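Colleague: Residue-level listing of the chains:
2 protein chains.
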Amino acid sequence: MAATGAAAATAAAAAPQWRTLIERSLKKNRSLAYSRYVQLATVRPDGRPACRTVVFRGFLDGADALTFVTDRRSEKVGQSAANPAAEVAWYLPVTREQYRVTGALRVVAAGDGDAALAAARRKAWTNMSDAGRSQFVWPHPGLPRIAADEAAFLQPAPDSAGDPVADFCLVVLNVEAVDYINLKQNRRIVFSQQQEGDAAAAAAAAGAQAAAAAASAGGGSGGDGSEGEGEVPRDPPLTLAGWTATEVNP
Amino acid sequence: MAATGAAAATAAAAAPQWRTLIERSLKKNRSLAYSRYVQLATVRPDGRPACRTVVFRGFLDGADALTFVTDRRSEKVGQSAANPAAEVAWYLPVTREQYRVTGALRVVAAGDGDAALAAARRKAWTNMSDAGRSQFVWPHPGLPRIAADEAAFLQPAPDSAGDPVADFCLVVLNVEAVDYINLKQNRRIVFSQQQEGDAAAAAAAAGAQAAAAAASAGGGSGGDGSEGEGEVPRDPPLTLAGWTATEVNP
Chain A
0 MAATGAAAAT
10 AAAAAPQWRT
20 LIERSLKKNR
30 SLAYSRYVQL
40 ATVRPDGRPA
50 CRTVVFRGFL
60 DGADALTFVT
70 DRRSEKVGQS
80 AANPAAEVAW
90 YLPVTREQYR
100 VTGALRVVAA
110 GDGDAALAAA
120 RRKAWTNMSD
130 AGRSQFVWPH
140 PGLPRIAADE
150 AAFLQPAPDS
160 AGDPVADFCL
170 VVLNVEAVDY
180 INLKQNRRIV
190 FSQQQEGDAA
200 AAAAAAGAQA
210 AAAAASAGGG
220 SGGDGSEGEG
230 EVPRDPPLTL
240 AGWTATEVNP
Chain B
0 MAATGAAAAT
10 AAAAAPQWRT
20 LIERSLKKNR
30 SLAYSRYVQL
40 ATVRPDGRPA
50 CRTVVFRGFL
60 DGADALTFVT
70 DRRSEKVGQS
80 AANPAAEVAW
90 YLPVTREQYR
100 VTGALRVVAA
110 GDGDAALAAA
120 RRKAWTNMSD
130 AGRSQFVWPH
140 PGLPRIAADE
150 AAFLQPAPDS
160 AGDPVADFCL
170 VVLNVEAVDY
180 INLKQNRRIV
190 FSQQQEGDAA
200 AAAAAAGAQA
210 AAAAASAGGG
220 SGGDGSEGEG
230 EVPRDPPLTL
240 AGWTATEVNP
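Protein chains in written order, with numbering that gives the first Met the number 0: chain A, 0 to 249; chain B, 0 to 249.
None of these hints come from the bench; they were simulated from the model. It is possible that some hints are incorrect.
Because identical chains cannot be distinguished in the list, a pair is counted as satisfied if it fits within a single copy or across any two copies.
[Unchecked claim] Below, computed lysine-lysine pairings styled on DSS-like, alpha-carbon distance capped at 30 Å:
id, residue 1, residue 2
1, 183, 122
2, 183, 27
3, 26, 183
4, 27, 122
5, 122, 26
Everything numeric in this text was worked out from a predicted model, so none of it was measured.
Between the sequences and the hints, there should be enough to build the whole structure, so can you do that?
Modeller: Structure representation (structure tokens):
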């Protein structure tokens, strides 16, 4: 699992290709506000899966990690403490693309000792809408709704300029793999972090990189998926930022 | 975990309220073809979660179970064999509603001995589009894409009137609980299967039923969420089809 610091170091080089693809997809889908909604899966303490919709809040400054926000009282906080493994499914309707982003969650609560993450939490708070900030002072999510609590849903939103309220948490997904599928073109690319010295994988990935570059050029020629196959250069370059890309069958 | 037979028996009575809500939501979101896309979370054999987008194919005939289709070669088939627990997240953009549907998966492959499920699998096959049927004769999903396989992506679709191809599977989600949230109205209702003799839960649920009925009446008065609270009748009726509904804090 990539630590945030390590991710920040590699991000100083070029962004990994999966991030470039996501940013391009978000731009093409920006007419739909809910294209920033993704489904986040975690595992409950009893071993069963949990899945809910969350809002993508952007990439972490200086890193290729995804950020979300949550309430410290929510079930996903306890779930990720016991098992940080997570997978996000992100469906983008305009371009008919899906990203599956696999990684480990890091919940940044009030008092977190990592100064960069504490700053990111504060920034996320400032960027929230009034309606978004209000939810963090509502009664405990998931508990039975009772009449005595109703006034609490009507209180004014906490100030965006002040400290985040105690229950406001930033959620960071440190990315380990990305599975990208383009349903218009019937293309699928799996991005994974390269193992050091894995020259065979690098060679295999080089041809896929060319295919992926063709896919990311946009427009699409109808998706027969035959471009770039089998053209492995003799001296393959290392992939960007330690990632390999492999085109696989959809 | 409810067996399909038991679900069919209770469905002979009125549909559970969560199903009525889903059907109403689908109608209101029918302008978006992708409102039938949901995210399905399972657990991988190594204990990490998996999450991907699948298409809702309707309720199982005679039951309140959700159906999907999949390729027997897909990872979710192996995952659900080892751990059938699943959760679907369903976000509906027009109405800003989310359903989280928790339950157990049953994969119906070729040669399944359950005659009703085998018939449902055949019906699902017939209802697929040509493009949908084609995918089940494509090269093994997830394996590296190679030039020698490209012609296989171009072969004609298998006949809808014939037997489903061997790799075509129906996936049934037998529902155990539903967590419904309406983001426009800031209302949330949890539906769970009633334990026999759980009179206290039935009494608590009765007030929530009234609130849920107000929510399901549609239109919405602005979502202050105060209707029906605290009005527990002295002699609460049993909830429909063995389900309880509890309004909880969003």
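Colleague: Next step is simple, just say for each hint if it's right about the structure.
Modeller: Evaluation of the provided hints:
1. Taking identical chains as interchangeable, the C-alpha atoms of residue 183 and residue 122 lie at most 30 Å apart only when they sit on different chains, with a minimum of 26 Å there against 37 Å within one chain.
2. With identical chains, the CA atoms of residue 183 and residue 27 are at most 30 Å apart both within one copy (14 Å) and between copies (26 Å).
3. For a Cα distance limit of 30 Å, the shortest separation of residue 26 from residue 183 qualifies both inside one copy, at 17 Å, and across copies, at 26 Å.
4. In the homo-oligomer, the alpha carbons of residue 27 and residue 122 lie at most 30 Å apart inside one protomer (26 Å), although the nearest pairing across protomers, at 37 Å, exceeds that limit.
5. In this assembly of identical chains, the alpha carbons of residue 122 and residue 26 lie at most 30 Å apart only when taken from the same copy (22 Å versus 39 Å across copies).
Of the numbered hints stated above, none is contradicted by the structure.
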